[in-house]
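> What follows is the residue order along each chain.
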Amino acid sequence: MDYDAIVIGAGMGGLSAGACLAAGGARTLILEQSGAVGGCAGSFENSGFHFDVGACIIQVPRAHDRLFETLGLRREDYVTFLQNDPTYEFVDILGGRRFTTPSSLEGTAEVIARFDPDDARNFLLLMRRYGPRFDAFNDVMMTTPQGRLRDMAKVFRKCPSGLLALPDVLKPYSKVLDDYFRHPVTRGLLSTYSAIGGLPPSLQTAMMLWLCHTEHDGTYYPAGGMGALPRGVAKAFGDLGGDLRLETPVRRVLVEKGRARGVELADGTAITSRVLVANNNARNLYLEMVGRDRIPRAVVKGLESYEWSPSCCVAYLGLDYRPELRAQHMVGLIDPGLTDLYLKDVYTKGLALPQSVGLVSSPSYMDPSLAPEGQASLALIAMAPPHPAGGTWSEIKWDFLDGMITTADAMFLPGLKDHVVFKTIATPEDFERRLSMPNGSIYAFSFSILSQMVFRPANRSRCVDGLYLCGASTHPGGSVPGSVFSGMMVSEMALEELDSRAGSRSARASSETGVMDGLTDRRCA
Amino acid sequence: MRPRTASIFSLLLALGGLALIGMGVSSGRLGSDSAHFLVFLALVGISLVLIVSGAAARRGADDDYRKVLGTGAFLVCSGLVALAIFFGTMSALISRYAWGVLLAVMLLLYGTAMIMAAAVNFILSQKDYRVFAFDLFRQVPWVYYRYRT
Ligand SMILES: Cc1cc2nc3c(=O)[nH]c(=O)nc-3n(C[C@H](O)[C@H](O)[C@H](O)COP(=O)(O)OP(=O)(O)OC[C@H]3O[C@@H](n4cnc5c(N)ncnc54)[C@H](O)[C@@H]3O)c2cc1C
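Protein chains in written order, with the working numbering: chain A, 1 to 525; chain B, 1001 to 1149.
These are computed hints drawn from the structure, not numbers from a lab. Since the structure is predicted, the reported quantities are computational estimates derived from the model, not experimental observations. Treat the hints with caution; some may be incorrect.
To be verified - Simulated restraints, written as ranges between beta carbons of each label pair: (1) A/Arg433 x B/Ala1082: 41 to 51 Å; (2) B/Thr1089 x A/Arg252: 23 to 33 Å; (3) A/Thr272 x B/Leu1083: 52 to 62 Å; (4) A/Asp402 x B/Ala1082: 26 to 36 Å; (5) B/Thr1089 x A/Glu288: 48 to 58 Å.
Glycine is no exception: its CB is placed at the ideal position from the N, C-alpha and C atoms.
Bound conformation, chain A alone (with noise of 0.2 Å):
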């Protein structure tokens, strides 16, 4: 065999699951078909702007952390995060206001309480009562391995408490808005958290409050820029004596006897490995590169049936001057019902709607560097669907591009339109032909309770043996954290699937707990 472990793509999954393989002593190569590691969390540069590709708020940092420990390296040697605070400033689409939240949730209460004394309270009321159990149950559930109904079952058992949390996962979000809130500002800046989890209120489940609790520990952005996460980590990997190669495109899995023996790369040559770890899309994946006859029709049946997360269309401007920002993130504020109103337009309908960017970010905000010298690097953010009715991302795009900075000049930054030295877009249809992320969709899969855990598909494949997938379209899910900890999963299998094939199961591999542990002891106690 040329290689212990083969990973197809360096997204932030690939990256977490190689570098711990390599710390685990396996003998790891990543192939990566673009010419930068990250996929949607990877940054570029354009005429001295740099930008991130899609990715632009770290939440959950632990997981960035715990996997820099198990690599047995500091992160901070790596990769610098510099903290979010403010978080936001939020823009009250139809009522004109502007505000900006703190990260604390105290401080949040008190803006909340500028518009509504009671609401403030039933604020910190739902974050102190809930948020402990969520984060909890979250913490177990995104670090223990889903396959089987019995995985599932391990969760509960890990955390009993979690049993707890059940109740809310089958009440949509839209009920607690509807039972605690009353102002518009409060229910639209909470329908926020509804709407970063890819789901309108409606249809999101109430343990999404989680995000907004787990917000309030603190969001990052990295010195550097997005990009320099992946960077670190795949520095981190090479330092641990991994073997990346970009502009590497797989186009097949060998599979034999049903089990996976390396890859097929698009030249035609085939590189052996004793594992395989997939972060590309699952779906492509067994579609395409396993082959549908190599698998039950069942699991073809499962996979055709997701329905995918949101796309969107991002746009990428360079500015001559430094807008006064408050925030890196700007978001749009819009009632819950309306939320609601315009995702249905946009992805029932297909409706291509320049006017719904909902979020502004921009990384030269934090670290100057980013941008030429008194100018700003900014990203427009806009829902958008995968397939616009009436027309193709490719004819509209320009015109869409327009809109949005318009939209933007309107609603968030004044007089920007007279600034834009440097705008380009990249629309669903980019980040399909260049990700291979289909439908552009953020998260791969849509994330309704019967598309997760178990109903996801599986961290070690059921039906090629020695193949592991990690990333946005298997367990926990899209989102950066939820990809580094499906990563570190998956090499945890990997690892112990290595050390049994070759007769000497470690102390590590053959404890019941794993690596994966340390993180969810110390909420779980």
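Given the structure of chain A, go ahead and fit chain B with the ligand onto it with the hints provided.
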């Protein structure tokens, strides 16, 4: 439907379902052939009414969930009627015993379907849960296949 009306309707459906199941279990004691035949006719009649009203509900509904409920009722009832007529004719031709068993099975099926309809109707009539629950129900047929991935 208003939530209150929907609750009463769901309760009636559930009670009706339970009664049918009870009749199904004890249908061996239903008495004469003509009683069997009358019950059978009644069930086919109910199905036909449901088919017509399901089709009408489907037409008039602008909400996704009502459309699916209407279509579901339409398909289930059409299936049941077709099955009932086919097996009814066949078994009546064959033996009295088979006729009784068929009736019992039909009553059980109807009873179960009515209880399920009661539960679905009740949940979908709750304003706060309707869209959320509908989204879950919609995905239920795929659960097994997703689990296999
Ligand atoms: C616009 C946008 C904004 C987002 N904002 C946030 C945010 O603020 N916070 C957050 O946590 N998450 C955010 N996300 C989601 C987050 O970025 C992703 O869920 C996460 O980065 C996915 O990581 P992954 O490991 O699945 O890999 P991906 O990023 O999907 O990368 C997969 C890699 O595999 C490579 N690949 C695919 N096929 C092949 C092949 N055949 N051969 C070789 N290589 C291949 C691709 O080129 C790619 O580099 C955002 C996403 C988008 C698009």
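> Name the hints, by number, that the structure is in violation of.
Of the numbered hints, 2, 4 do not hold.
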